[in-house]
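These protein sequences, in sequence, are chains A and B. Just so we're aligned, residue 2 is where the first sequence starts under this note's numbering, counting upward by one. Just so we're aligned, residue 2 is where the second sequence starts under this note's numbering, counting upward by one.
Hints were generated in silico from the structure; no laboratory data involved. Since the model is a prediction, treat every value here as computed from it, not as a measurement. Be aware that a few hints might be false.
Repeated chains share a single entry, so a pair holds when one copy, or any two copies, can fit it.
Taking lysine-lysine pairs in the DSBU-like style, the calculated list, with each CA pair at most 30 Å apart, reads [stated by the list, open to error]:
| no. | residue 1 | residue 2 |
| --- | --- | --- |
| 1 | Lys-183 | Lys-43 |
| 2 | Lys-189 | Lys-11 |
| 3 | Lys-91 | Lys-69 |
| 4 | Lys-139 | Lys-22 |
| 5 | Lys-13 | Lys-178 |
| 6 | Lys-17 | Lys-216 |
| 7 | Lys-216 | Lys-73 |
| 8 | Lys-220 | Lys-189 |
| 9 | Lys-163 | Lys-11 |
| 10 | Lys-48 | Lys-164 |
There are 2 protein chains.
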Amino acid sequence: MFLTSINNDKVKFWEKLHNKKFRDINQLFLIEDEHLIKEALKYNIVKEIITTDETKTYAIPTYYVNDKIMKKISNQESGATEIAVTEFLKTREILGNILVLDNLQDPGNLGTIIRSAVAFNFDSIILSDNSVDLYNPKVVRASEGMLFHINIVRCNIIEFLKKLDEDYKIIGTDVLKGKNIKDIKFNKCAICIGNEGNGLSKEVKELCNDFAYIKMNDKCESLNAGVSASILMYEVANE
Amino acid sequence: MFLTSINNDKVKFWEKLHNKKFRDINQLFLIEDEHLIKEALKYNIVKEIITTDETKTYAIPTYYVNDKIMKKISNQESGATEIAVTEFLKTREILGNILVLDNLQDPGNLGTIIRSAVAFNFDSIILSDNSVDLYNPKVVRASEGMLFHINIVRCNIIEFLKKLDEDYKIIGTDVLKGKNIKDIKFNKCAICIGNEGNGLSKEVKELCNDFAYIKMNDKCESLNAGVSASILMYEVANE
């Protein structure tokens, strides 16, 4: 279908998907990068394609638009050439190692962490209710498509950790009272990473069975949250 | 001194420091975060303070401005309350392990890498001419003040690597033909990290003595550049 008016209801609907609440109500988000769209198509979660390229055809509903409309729908300043309207990712049962993110705020950090979690064979990421939205366009882009390869659950992490199977070791991070990550035996673990500025919340700390730290120079108070999470997962993968 | 006009020459000068070329000509950059300013003051590199708080006094030239002027000078949308006009950092002789950044583009990545380099006792960072500017405000912020604690040299990295002492091992990253990082003996090393999208340039690869990779799941093609650099430096520090 060809759309030419910026006031078309479809265009207005897609534009509203920039807003988290509207995404949540409709359980839909936008993907703009070409290789991410290809990835999403493999999973049969793309509902509609919006493109400026009239030569392209897809087996799903496709809308051909002009540059002006595309610029309105795109999150990028320079605009995109193709956008996929995509269903929220399904969640599944938790089976292996878990990363728990407690009030993580930076979208680049979440994308980076998703990428590392897949690299280091983590089974699931549990995202606290107050963390950055998984479907924020910057998260989707920074994940480099890895968000399709891992189970990501958004929930109340306190309730989640309380109900977690006893065979899981819940490990927090603590620069002062932690054990060197190299000295911790893992088996099945839930590693908890806190907020960029304030670290783990008191409530999560109280539920931890053990604390880990990454040995570093005294001049440096802490690492970037994405780096900390990645090094801890790397150590678990290489134990 | 009190400044009230947005057209004051001083205000215009500071505003121009948003521009890389103007920073390079004047060898000055702006710091906006309060704790970074405190850090910079310790190093005697702050030339002027600009503040909206008339109760504050400093031993260096201080300019009291209104919110309108502050907003014009600040890089943050919400504006700042205090800004330090700071001299470029001095470089020194290279003594220990080096991280070489080849066309790194993302300011958040550079800030994160500076932080990790200090944490893992690296001596110097060598930044290629075509990498993101060290004094980009996002780099300064993401470094969390760690840029004051490490020697950072911007230069032609090809010339630099060619002249490097023979006792340094130049190590590139290569997912396909690299050795597992765990199996490499380091001693004195120069670890080379490439561009976010394209990895290391051909010219740098040709100068490497060895290549390393970080073992990861096949689903994941690569890690975020800041994470890769951090894990490699972590391994060197913990060898």
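Problem set entry | Which numbered hints fail | Those not satisfied are hints 1, 2, 3, 5, 6, 7, 9, 10.
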